Amino acid sequence: MIDSLALTPFEVEALTLSLWVSGWAVLASLPPGIACAWLLARCRFPGKSLVDGLIHLPLVLPPVVVGYALLVTFGRRGVVGAWLYDTFGFTFAFNWKGAALASAVIAFPLLVRAVRLSLDSIDKGLEDAARTLGAGPVRVFFTITLPLVTPGIITGVILAFARSLSEFGATITFVSNIPGETRTLPIALYTLTQVPGGDAGAIRLCIISVVVAFIALIASEILARRVSRRIEG
Amino acid sequence: MIDIALTKRQGAFQLSAAFSVEGGVTALFGRSGAGKTSIVAMTAGLSRPDSGRIAIGDAVLFDSGQGVDIAPDRRRVGMVFQDGRLFPHMTVRANLRYGERLVPAAKRYAAFDKVVDLLDIAPLLDRRPARLSGGEKQRVAIGRALLSSPRLLLMDEPLAALDGARKAEILPFIARLSREFSVPILYVSHAIDEIIAIADNLVVMEQGQVSASGTLEQVLSAVDLSPITGRLDAGSILHARVESHLPADGLSRLTVGPSNHLLAPLVDAPPGTMLRVRIAAQEVSLALERPRRISIQNVLTGTVQSIARAGDGQIDVHVALDDENRLWTRITRMALDSMGLESGQTVFALVKTNAIAKSGIAAARKTEP
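Sequence lines, in order, name chains E and W. Using the numbering used here, read the first sequence as starting at 2 and increasing by one per residue. Using the numbering used here, read the second sequence as starting at -17 and increasing by one per residue.
Don't read these hints as lab results, they were simulated from the structure. This one's a predicted model, so the numbers in the text were calculated from it and none came from an experiment. Backbone N, C-alpha and C define an ideal beta-carbon position, used for all residues, glycine too. Errors might be hidden in some of the hints.
[As the list claims (entries may be wrong)] Derived list of chain E stretches under chain W, where covered just means 3 residues or more per stretch with a C-beta under 8 Å from a C-beta of chain W:
(1) 123 to 130
(2) 143 to 151
[Unchecked claim] Listed below are the simulated SDA-like cross-link pairs for lysine to any residue, each with C-alpha atoms no more than 20 Å apart in a straight line:
(3) W:K340 / W:M256
(4) W:K334 / W:Q279
(5) E:K125 / W:A53
(6) E:K98 / E:V66
(7) W:K149 / W:H172
(8) E:K98 / E:V65
(9) E:K98 / E:S167
(10) E:K125 / E:V66
(11) E:K98 / E:G24
(12) E:K125 / W:L28
(13) E:K125 / W:R30
(14) E:K125 / W:T19
(15) W:K334 / W:A290
(16) W:K89 / W:R133
(17) W:K340 / W:H221
(18) W:K334 / W:G322
(19) E:K125 / W:S20
(20) E:K125 / W:P70
(21) W:K89 / E:G137
(22) W:K96 / W:F155
(23) E:K125 / E:C44
(24) E:K98 / E:V80
(25) E:K125 / W:A112
(26) E:K125 / W:Q64
(27) E:K125 / W:K149
(28) E:K98 / E:R77
(29) W:K149 / W:S341
(30) E:K125 / W:A23
(31) E:K125 / W:S29
(32) W:K340 / W:E271
(33) W:K340 / W:R148
[To be verified] Incomplete in silico selection of chain W near chain E, CB under 7 Å:
(34) A26
(35) D55
(36) M61
(37) R67
(38) P70
(39) Y80
(40) G81
Generate coordinates for the entire structure from the input sequences, incorporating the hints supplied.
In structure tokens:
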């Protein structure tokens, strides 16, 4: 069934696209993710629970619903999508950027949760101490808060990256199944299961997915341990 | 000159405190829950008073009337917290430099090497806070606050988490740095021996209000702190000069005023040094004649200055030893009646040498004669 260990061009294309899409999804959602986590952990404002709920919605909604909502909003004829296209000539419709957006939205709550938990657990007194030493709020954030929540950020990034890699429903609904553009690993796997004689290829893709997921988990473990060792001295 | 007048309501607790003290070390003394920490937090700008004014010399940090409320990072008020609060992700050196870098060079008065030297933390510079002992952490925390060259240094029970030996290790540093850098210090504590060791001024707080303030000597000889500290803690401070040491007996001979002498536990200070000696009111007995053939070695001569009821059948008698020293004694009512004690009478005050605690002896402060 498995003829060769070397990856076929089809597999390489799906794998690199998956990594590329997930990488961008996590990278782009990191700053707003940290901002949302900080807002939820440190601020009190009217409508906070609404914001909290909105951020966490993709965690409980069927991904297809999210994908369809994205299509309606960010599709070429969607409210925001049409405006983006007319103003900047930029579109998410049926390209890898759309796949990255779908993955980012789905994975966002995982990122926010991890960072927020970490923010809740650090000693706020350290921030006060930094203020009395002459550091303004922005400096305190970048020199005290951010370094101390790094373990939480790493956890969040890995979780979000893993979730992005496995994204299927929202992606296929929003940007369909286009080779080289939106056909990520899970979608490629799905494609193979739909054609006669695709079983062998499907199993190979399964194994690749497992290996990638494992590497991500182990890497996060090592990284998180190294960072917390640095912090604890 | 430090001027503080604040009000703040926190639930059912109403804080309304005002005091004004000269530089040096000012101890803020009171039971836990008296509002000491709130005052310190508001002075640092970490919490906001409902109304009032905070000024250090010419610098007004807060004035609700004028709408002044300087951000904590612009107040130049350093703070040493009870729990140290060193930044765990930085080395000791980076912790120390954190505030130093943020002060304009022209306003820096504390040099890195001098502070490191004074606090004896040079061997710790490359370590992480997690690898420090409690005493080391507090020394680094003091150094970090000092290196931000503050106008005022706040210390919120910096020794509360340490055991007796560690306390004794840090107290002299605090006393020294206020002198070396002439930075005013507001020192929160509920331990009277710490206060006697380092304070020039004393502000006593009870239930959100200042019940007494002034120089340490004024307050301690005028105010009965025993409701706050527990009965045994009422006492007075005597100014004494080291006359000679009797190391074989573990004693030092001290002179109090022009004519009185005191044998105290051996003091580590050369003859001629001026000391503060605290004598608990409970430990002083009075006699109308000079007793002979008695185990008590310390017999001080003085005149009864005042007799006052202290409640509980106890009587407070203040005995003036000389112009400078007043001895506070606490006797029972029965004793008073049987002796027929009156103001102006000459009395002999008896103090057991063993009743003078080693922790109650400290070097005199700079403001004293």
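Hint numbers not upheld by this structure, sorted from lowest to highest: 10, 15, 18, 27 and 32
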